[in-house]
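Student: Spelled out from the first residue to the last, the chains are:
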Amino acid sequence: MRRRAFLSGAGSVGALSLAGCLTQNGGGGEPSGTLTVATYESFVDSPSSSPGGWIKENFEAEYDDVTVEYVTPENGVTNYVQRKQQGASVDADVYVGLNVDDLVTIDATLGDDTRLFAELDRDSVPNASHVRPELEFGDPKSRVLPYDTGYISLVYDEDEVDEPTTFEDLTSPAYEGTLLAQNAQSADSGQAFLLWTINEFGTDGYLDYWRDLQANDVRILGSWWESYSAYLESQRPMVVSYSTDQVFANVDDLPMSRHQIGFLNDQGYANPEGMAVVEGTGNVDLAADFFDFMLRGETQAEIAVRNVQFPAVSDDQVDLDDSFAQYAFRPPEPVSFGYEELDGNLSGWVEEWARTIASN
Amino acid sequence: MSRGARDDVAERGPADADRKRTVSTDRTLRGLAVVATVVTALVLLLVLYFPVGLVFAEAFGGARPFDSFVTTLTDPFYTGVLAEVFARPLAVGYHVDNVLSWFGGVSVGLGGVDTPPLRKGLFGFTAYQAALSTLASVAIGLPGAYVLANFEFPGRRTLRSLTIVPFVLPGIMVASGFYAAFGQAGLLNDVLAVVGLGPQQLIETNPLFVVILAHAFYNAPLVTRVATAAWESVDYRAVETARSLGANRRRAFRDVVLPQLTPAIATGALLTFLFTFLTFPIVLAIGGLELATVEVWVYHRLTETLAFEEAATLAVLETVISLGVTYAYLRYESAQRAASPGEGPPRERLFGRARDATPSRLSGPRLAGLLDARRLAITGYAVVVFVLFVGPLAAMVLEGLTDGSGFTLRHYEFLLQRQAAGASFQTKPLPAIRNSLLFAVATVAIAVPMGLVVSVASTGEGRWRSLLETATMLPFAVSGIVFGIGLLRGLVFGISLPGGWRFVLTGAVAIVAAHAVAAYPFVVRNVAPQLAGVDPRLVESARSLGASRVRAFLDIELRLAATGLVAGAAFAFAISIGEFDSTVILASDVAGDTVTYTMPVAVERYLGRRFGPAMAMGTVLLVVTAASFVVVDRLGGRVERG
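Going down the list, the protein sequences come from chains X and Z.
So that you can map any letter, position 181 of the first sequence is 181 in full-length UniProt numbering, and since no number is skipped, the others follow by simple counting.
So that you can map any letter, position 485 of the second sequence is 485 in full-length UniProt numbering, and since no number is skipped, the others follow by simple counting.
It is worth saying that the hints were derived from the structure and are not from the lab.
Source: prediction; values computed, not measured.
Be aware that a few hints might be false.
Claimed, not checked - Simulated DEER-style distance windows between Cβ atoms:
id	chain 1	residue 1	chain 2	residue 2	range
1	X	A174	Z	R250	18 to 24 Å
2	Z	F209	X	A174	24 to 30 Å
3	Z	P89	X	S359	45 to 51 Å
4	X	T165	Z	V191	35 to 41 Å
Stated by the list, open to error - Here are the simulated EDC-like cross-link-like pairs (lysine to aspartate or glutamate), alpha carbons at most 20 Å apart as the crow flies:
id	chain 1	residue 1	chain 2	residue 2
5	Z	K428	X	E352
6	Z	K120	X	D316
7	Z	K428	X	E69
8	Z	K120	Z	D75
Glycine residues also receive a C-beta, built at the ideal position from the N, C-alpha and C atoms.
Hey, can you work out the whole structure from these sequences and the hints?
Tutor: Structural data, given as structure tokens:
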């Protein structure tokens, strides 16, 4: 541990030499400089369909002297956690694309003394007042602002199977060998589905449920895309996915009968995505302007369509595109765990689950 | 070079002008050799031992240094039935009873041998699938070596060059190719449907089988490659001698050819076992969590849950096992007498009527019939190989050329458009191609001298030699994930130095260094056995005729090891092109205009919702690398003959 303390001391000296990241916003004047936004690959990588390009273009159009620069660290936020741990500098001002479980992992790894994200002054982000309360992370250190949310549900082919309506359906003979799910260690959707089963069966019962699922021949693949492409190839008639799936199906002209949404128990597991300011950045004010822009109605509508997720702000603030409104479904009862429930539990739950699935 | 002290012999010879020039070049060469040795040691220290050590050190971070190992070894989840042995190592009687009672439960019936369940644990399962993969790779690879070494047919040389291609394909792409070929909606089922056969569900019903096939896809060509090289240098005069002394074909093969092939086959098997023991992308993509290996566990602990101590403990255990296997093999290898290089078997023509191909003394209808049976078997083998190797690749190329409705060029259009109009944060195809080729050439330039230095250093006798060689084989025994994370935490994040300075290494230099470290063991494995096989009397005569030690090495030993050097260079090239784990970590950190991503990284980045363009980029990777291998091999052939 002494080594770590030494490293972080040395690191802060090193960070100061990165002069390019230090910018000063004159009090009250037009903000200027470069805002480095760290995010995940698919948020930026397609010019026509992902939100990154649109956000950069429109934000820069509004703030003449500001440049938005994207970085997509390998393995996402865990890359920065490790940087902090080793005392290296974090080369970003804000992070876009955090889940609740990321926060829990950050705190479990870095402890109380080292901070990756700074506490956020909500008053500096006026639009933050429109965020729907049920999407708040419940972070005791209030670091994160949600900007969109997905709902985990089942997607099924109605020509092949009947609509699954309860968790018990999935372990019944009618659904044997039909379900594709994801690894809860590596896929957000997989972890959300696992948490959903913990919400349903409790910490005493979820492993039994998963044993039943395994006995009923569930197939668990590494990432959402792997399982979804297996579904598209008709390898199985049902996949754990998002309730916005039909938006993609509509864009790609795929038959809607193969993209039916199944909400178990009329529920869907909410997986809000958030953004936070990197601790120690000199661009706090500019970051606040950026967050306010992200939560503005037009931006929210654009993110919804391009990221195919629901807006984070209340409905009266957003004018959603018709096709989105028609093909994206909200579960009657959204469920999710907040920071408090996951804190201290998450890694154990996931570990036990993984051991159950892999036991050989 | 322990005999270097005798170098001054040359200087005392006749002092004519030519001799002086030779002496001064020799001095330069000797200086170069020293520099190469020092640089090799530094690169290994900085890019291999330090980063790996950094990760391994995490394993000893508990309250007491070996706690984490005790916890792991006594956990049945990891070690299966052996957990009890680790927990109570002294209770010998108890363990013997357990073994006996297990054997007591074995029953032999009509349905075969029935055994009581035996919990393998994560390590046991990992070794089990690696052993199966090795068997499959040798079974599929060896006949290929037989055909390539014993028959002449159009395109033989090119086919031989292409055996290295699977090696450069990123795991994620191969997994996609296997899905596209053998999945329910895959190419194989399309073909079967034409013939009127129902769809088969290979990946669905037997993922372990498909994982092993995918491992064979990677490693059978490796077996073919090393075995072909050995077969082509078998001393066939000995076969003729054996035949003239009355041995039949089979007997001559068993007594003369096979012993000369065994070390090469064992090398292929060892490498296959090491690679598949440390496997993870293929297992993860095809088998899922249910077929998890130790490496899958390490991967998740290191990249998702950040449980470093647990991951490092597993990684150390993995490495200990791999190094143990390597050491055992090297002891075996040094016990084998290296064969003196011969001309290889006379090649028969594969096509054309059997009678034409048969040497006149082996005439007679019975023999011709036998030969036809042999050709029939080769044809059958070719079909299997075609389905297994060309299937996934063809399926991938087709995916790049089709969309839901039929043939299209729009995925390639996407690549062109991305190249022309892509933003700075987007991945473009051309820089990826340029970087891949550039890094590969640089890797060859560094890994070949490095490998040569290590080969020379480890040429010697006995136990110490094997130990030293085992240590230099570390890159084979350490998983890519551990190596990558070590580089990330050690070099990319930087090493803090006194005075608040940080030593940070990123960009092209770091990538090439990482590739060179991953590649040089291939050079060693190809060169060291050949160096060891050089007849010392040749070197002695050169020395007695006045050649310096360096000169003798260059003119005699190096010439005789040229084949190995070329083979090693080809592998170094392949490793660099195909490397993904550390490239993606080292490349992602570079901001600004000097992008350092490579073709496999580009493929991975396009995968996601854009399957078509990813497969189009994969096809580009395939074409570029296949073309460069044919070039490398042709150039290499010139070196070998020269």
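Student: Evaluate the given range 45 to 51 Å for the C-beta pair formed by P89(Z) and S359(X).
Tutor: violated (24 Å)
Student: Does the alpha-carbon distance linking K428(Z) and E69(X) stay inside the 20 Å limit?
Tutor: holds (17 Å)
Student: Is the gap between the beta carbons of T165(X) and V191(Z) within 35 to 41 Å?
Tutor: holds (39 Å)
Student: Quickly compare the C-alpha distance for K120(Z) and D316(X) to 20 Å and report which way the hint goes.
Tutor: violated (58 Å)
Student: Quickly compare the C-alpha distance for K428(Z) and E352(X) to 20 Å and report which way the hint goes.
Tutor: violated (41 Å)
Student: Using the beta carbons of F209(Z) and A174(X), state whether their distance is inside 24 to 30 Å or not.
Tutor: holds (28 Å)
Student: When you take the CB atoms of A174(X) and R250(Z), is the distance between them in 18 to 24 Å?
Tutor: violated (59 Å)
Student: Need the status of pair K120(Z), D75(Z): alpha-carbon distance at most 20 Å?
Tutor: OK: K120(Z) and D75(Z) at ~12 Å, within 20 Å.
In summary, the structure is inconsistent with hints 1, 3, 5, 6 from the numbered list given earlier, while agreeing with the others.
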